[in-house]
Amino acid sequence: RHTKISFIQSLFSLPASMLRFGVILSVALLLLLNTVAAQPAAPTDLQVTGYTSTSISFTWTGSAGANGYELNYYESGSGNLLQTISLPGTGTTYKMTGLTPNTLYELISVQAVNAAGTSGKSNEIQLETKPAAPTNLQVTDHTSTSISFTWTPSDGANSYELNYYESGAVSPHSVSVYGTSYTLTGLKPGVLYEDISLQAVSNAGTSGKSNEVQQETTPAAPTNLQVTGFSTTTISLKWDASVGAASYILNYYESGVDTSVPIPGTGTTYTMTGLNPGTLYELISVQVVNSAGTSDISNEVQQTTKDQVQKDPHMETFDGVRYNFQGLCTYVLSQDCKNINHPTFQVTADFRSKYSELLSKQVTRVDSVNIIVGGRQLVRILNNNSFLINGELLFSSFAVIGKNEGTVTVSDDHVHVELHRPNMSISWTKTTRGVSIIFNDEAMHGNVCGLLGNFNGNMEDDLMKPNGEIMSHSDIEEFGNSWEVPGSCE
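Numbering (mature numbering (1 follows the signal peptide of the UniProt record, and there is no 0)), first residue to last: -38 to -1, 1 to 452.
Heads up, a few of these hints could be off.
Stated by the list, open to error - Pairs of lysine to aspartate or glutamate residues, derived as EDC-like cross-links and limited to a Cα-Cα distance of at most 20 angstroms, are as follows:
1. Lys427 x Asp281
2. Lys150 x Asp202
3. Lys392 x Glu439
4. Lys273 x Glu319
5. Lys57 x Glu90
6. Lys392 x Asp423
7. Lys300 x Asp403
8. Lys171 x Asp117
9. Lys273 x Asp374
10. Lys273 x Glu244
11. Lys392 x Asp298
12. Lys392 x Glu431
13. Lys83 x Glu37
14. Lys300 x Glu446
15. Lys57 x Glu86
16. Lys273 x Glu439
17. Lys427 x Glu319
18. Lys316 x Asp329
19. Lys427 x Glu439
20. Lys300 x Asp312
21. Lys300 x Glu319
22. Lys150 x Asp258
23. Lys273 x Asp329
24. Lys150 x Asp117
25. Lys300 x Glu156
26. Lys200 x Glu156
27. Lys83 x Asp202
28. Lys365 x Asp375
29. Lys171 x Glu128
30. Lys365 x Glu354
31. Lys57 x Asp7
32. Lys273 x Asp403
33. Lys273 x Glu446
34. Lys300 x Glu431
35. Lys83 x Glu156
36. Lys300 x Asp281
37. Lys316 x Glu439
What the hints assert, rightly or not - The calculated label-pair distances, taken between Cβ atoms and stated as ranges, are:
38. Leu344 x Met433: 29 to 35 angstroms
39. Asn261 x Asn443: 45 to 51 angstroms
40. Glu404 x Glu367: 19 to 25 angstroms
Simulated from the structure, these hints should not be mistaken for laboratory data. Note that the structure is predicted; figures quoted are calculated from it, not measured. Where a beta carbon is used, it is the ideal one built from N, C-alpha and C, also for glycine.
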C-alpha cells in the first residue's frame, strides 16, 4: 500500500510534458502489482478424525489463496528426520496410510502452499496408532461347556477382547482376556459358537479383528445310566438320551483291561454280550459322539455276571442252555474230552443237600469245588472260602500253586483260581455257592464236555452224555447223573 502511494505522489512532481505518459505507466504498474499473489496464511484447527493401527485421518480449516498443502510429521523412535507429504489441490482432509502399529506420530502440522511461497505451520498435534490385530487365532481344545484358544500376540497390547456369537443369537458376547491363550467356559453343550475373533487393547485403543474361527461344543454326557438285567454272559443297560447324539461309545473295565465299544445309532439301550460268567465288570459308562466330538462320560455303574452254577443249583452251559439239576453227589462240570476216560483236566463240584428256611424244604447246594490236573487234585475250594493246594489246607488271601502252576486269590466273597496249563480260570462265590469257568485258550472251545456243555457255539448239543448221546430237557436227571464221578455217592 505504501509503495503504491509513494509511486503516485512522484508522478505529480514530473514536468507537464511527461505527466500524460506517467499516468498511463502508473496504471499499468498498479494492475501488475494487484495480480502478484500474497503468501498464504497458516491453516488452522488441524485435528484427527479417525485412526487405526496403520492409518490416521485429518481435517483442517483451509487457507485463502492456497493451491496445495504440506503435511509434516515425525515418527517417534524411528531416528528419521521430520517427514513431509505434499498434498496438491485445495482439499482440507487427508488420510495417512502405511503407518506402523502401536507407534507415536508427533509434531504433526499442515502448511499452506501457493506461488508466493509456504505458510507458517498450523497447530501441532500427536497420536499413537492402535496395536496390530492379533493373528493365528485357533481352537486348541473343546468340551461340552468350554472352548480353548491360542493366538499370536500383538506388540504393545495390554489385554485382548474375545468376541463371539452363540448360533442364532443377534448380539455378540465379549470378554476381556490376557496372555496368549484362554479357555472360554460356561458354554452350552452341543451349540455352535461362531464369528469368534480377538482384538488387541492398548492405551491407544482397540485393534481391528483377528481371523475368525468357529467351534461347536461337544454334546452333553448321557445321564441315568443303569443296569436293567444280566446273565452269565450279558449285561443289559439303558440311559437317558443326549441332544445331538449321532452314536454312542460304551466303556468298561474288566480284569485289568479297559475296553471301548462303538454303539451305532441313537438308541438308548444296549446289551453287552460275550462276557465271562461270574466276572465283575466295572467303570461301565456311556459317551455321546457327533461331528463336534465325544462327550464326557455318563455316571458309572458296575455289575458282576452270574455264575454258571449257583444256588439250588441253577445251571447255564457255556453256550447258554439253562436247567436245574438236583444231584447229591460229585459231578463233572467240565473236562477235556479229547480222551474222555483220561482227561488232562477236570473241574468237579460236590453237590450236597441243605434245608432252606426260606423254602421250607431240602435243596441242593454246591458244597465244594475240585480242580484236577493230570489225574491229581491240584486245588480244592471249600464253602468257607478256605482252600487246599495239593492237600494242604490254607487260609491266606493269595497263594502260588505248586511250581508256578497258577495262583489262588481270595477276597471277601470270592475265591479265584488261575491255571497256566490248561490256560483257564475258575471262580467260586461264597454267598451264592456259585461256580464259573473261563477258558482263556480258544483251542479248548468245542473240546470240552460235562454239565456245562461243549462250548462249540451250538446250544442243540450241549446236553450230551459221556457216551455222546444228546439228551432233551425232559431228561435232565439222566443227563446230570451221567456225569457223576464214580464212587462219589457211596
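Structure-based check of all given hints:
1. Only pairs whose Cα atoms come within 20 angstroms are accepted, and lysine 427 paired with aspartate 281 is accepted, the gap being roughly 16 angstroms.
2. For the hint linking lysine 150 to aspartate 202, the alpha-carbon distance of about 18 angstroms falls within 20 angstroms, and the restraint holds.
3. Our distance criterion of 20 angstroms between C-alpha atoms is broken by lysine 392 and glutamate 439, whose separation comes to about 26 angstroms.
4. Under the criterion of a C-alpha separation no larger than 20 angstroms, the hint pairing lysine 273 with glutamate 319 is consistent with the structure, at around 14 angstroms.
5. Among the hinted pairs, lysine 57 with glutamate 90 is consistent with the structure: their alpha-carbon atoms are about 15 angstroms apart, no more than 20 angstroms.
6. Straight-line distance between C-alpha atoms of lysine 392 and aspartate 423 comes to about 31 angstroms, which puts the hinted pair past the 20 angstroms bound.
7. Only pairs whose Cα atoms come within 20 angstroms are accepted, and lysine 300 paired with aspartate 403 is accepted, the gap being roughly 15 angstroms.
8. Of the supplied pair hints, the one linking lysine 171 and aspartate 117 holds, its CA atoms being roughly 15 angstroms apart against a limit of 20 angstroms.
9. Between lysine 273 and aspartate 374, the direct Cα distance comes to roughly 18 angstroms. Compliance with the 20 angstroms bound is thereby established for this hinted pair.
10. For the given pair, lysine 273 sits about 24 angstroms from glutamate 244 by alpha-carbon distance, which is inconsistent with the 20 angstroms threshold.
11. At roughly 26 angstroms between alpha-carbon atoms, lysine 392 and aspartate 298 are farther apart than 20 angstroms, so this suggested pair is violated.
12. Between lysine 392 and glutamate 431 the CA atoms are separated by roughly 34 angstroms; this puts the pair beyond 20 angstroms, and the hint is violated.
13. This hinted pair checks out: lysine 83 and glutamate 37 have alpha carbons roughly 18 angstroms apart, not beyond 20 angstroms.
14. Between lysine 300 and glutamate 446, the direct Cα distance comes to roughly 19 angstroms. Compliance with the 20 angstroms bound is thereby established for this hinted pair.
15. At roughly 16 angstroms between alpha-carbon atoms, lysine 57 and glutamate 86 fall within 20 angstroms of each other, so this suggested pair holds.
16. For the hint pairing lysine 273 with glutamate 439, the CA-to-CA distance comes to about 17 angstroms; that is within 20 angstroms, so the pair holds.
17. For the proposed pair lysine 427 and glutamate 319, the alpha carbon gap of about 34 angstroms is over 20 angstroms, so the pair is violated.
18. A hinted pair counts as satisfied when its Cα atoms are at most 20 angstroms apart, and lysine 316 with aspartate 329 qualifies at roughly 10 angstroms.
19. Between the alpha carbons of lysine 427 and glutamate 439 the distance comes to roughly 11 angstroms, so the proposed pair stays at or under 20 angstroms and holds.
20. Straight-line distance between C-alpha atoms of lysine 300 and aspartate 312 comes to about 24 angstroms, which puts the hinted pair past the 20 angstroms bound.
21. About 43 angstroms separates the Cα atoms of lysine 300 and glutamate 319, which puts this hinted pair outside 20 angstroms; it is violated.
22. Restraint check: the Cα-Cα separation between lysine 150 and aspartate 258 comes to about 14 angstroms, which is no more than 20 angstroms; the hinted pair holds.
23. Note on lysine 273 and aspartate 329: the hinted pairing holds, with a Cα-Cα distance of about 10 angstroms set against a maximum of 20 angstroms.
24. Distance hint between lysine 150 and aspartate 117 is unfulfilled; the C-alpha atoms sit about 34 angstroms from each other, more than 20 angstroms.
25. Restraint check for lysine 300 and glutamate 156: the C-alpha separation of about 68 angstroms exceeds 20 angstroms, so the hint is violated.
26. A hinted pair counts as satisfied when its Cα atoms are at most 20 angstroms apart, and lysine 200 with glutamate 156 does not qualify at roughly 34 angstroms.
27. For the hint pairing lysine 83 with aspartate 202, the CA-to-CA distance comes to about 77 angstroms; that exceeds 20 angstroms, so the pair is violated.
28. With a C-alpha separation of about 27 angstroms, the suggested pair lysine 365 and aspartate 375 falls outside the 20 angstroms cut-off, and the hint is violated.
29. For the hint linking lysine 171 to glutamate 128, the alpha-carbon distance of about 18 angstroms falls within 20 angstroms, and the restraint holds.
30. Simply put, lysine 365 and glutamate 354 have alpha-carbon atoms about 15 angstroms apart, close enough for the 20 angstroms limit, and the pair holds.
31. For the hint pairing lysine 57 with aspartate 7, the CA-to-CA distance comes to about 16 angstroms; that is within 20 angstroms, so the pair holds.
32. This hinted pair does not check out: lysine 273 and aspartate 403 have alpha carbons roughly 28 angstroms apart, beyond 20 angstroms.
33. A distance of roughly 19 angstroms separates the Cα atoms of lysine 273 and glutamate 446; the hinted pair therefore holds under the 20 angstroms criterion.
34. For the suggested pair lysine 300 and glutamate 431, the alpha carbons sit about 16 angstroms apart, so the restraint of at most 20 angstroms is met.
35. In summary, the hint linking lysine 83 to glutamate 156 is not supported, as the alpha carbons are separated by about 50 angstroms, beyond the 20 angstroms threshold.
36. About 19 angstroms separates the Cα atoms of lysine 300 and aspartate 281, which keeps this hinted pair within 20 angstroms; it holds.
37. For the suggested pair lysine 316 and glutamate 439, the alpha carbons sit about 19 angstroms apart, so the restraint of at most 20 angstroms is met.
38. Judged by the Cβ atoms, the range 29 to 35 angstroms given for leucine 344 and methionine 433 holds: they are separated by roughly 31 angstroms.
39. Asparagine 261 and asparagine 443 have their C-beta atoms about 48 angstroms apart, which keeps the hinted 45 to 51 angstroms range intact.
40. Take glutamate 404 and glutamate 367: their Cβ atoms lie about 21 angstroms apart, and the range 19 to 25 angstroms holds.
Of the hints listed earlier, those the structure fails to meet are numbers 3, 6, 10, 11, 12, 17, 20, 21, 24, 25, 26, 27, 28, 32 and 35, in rising order.
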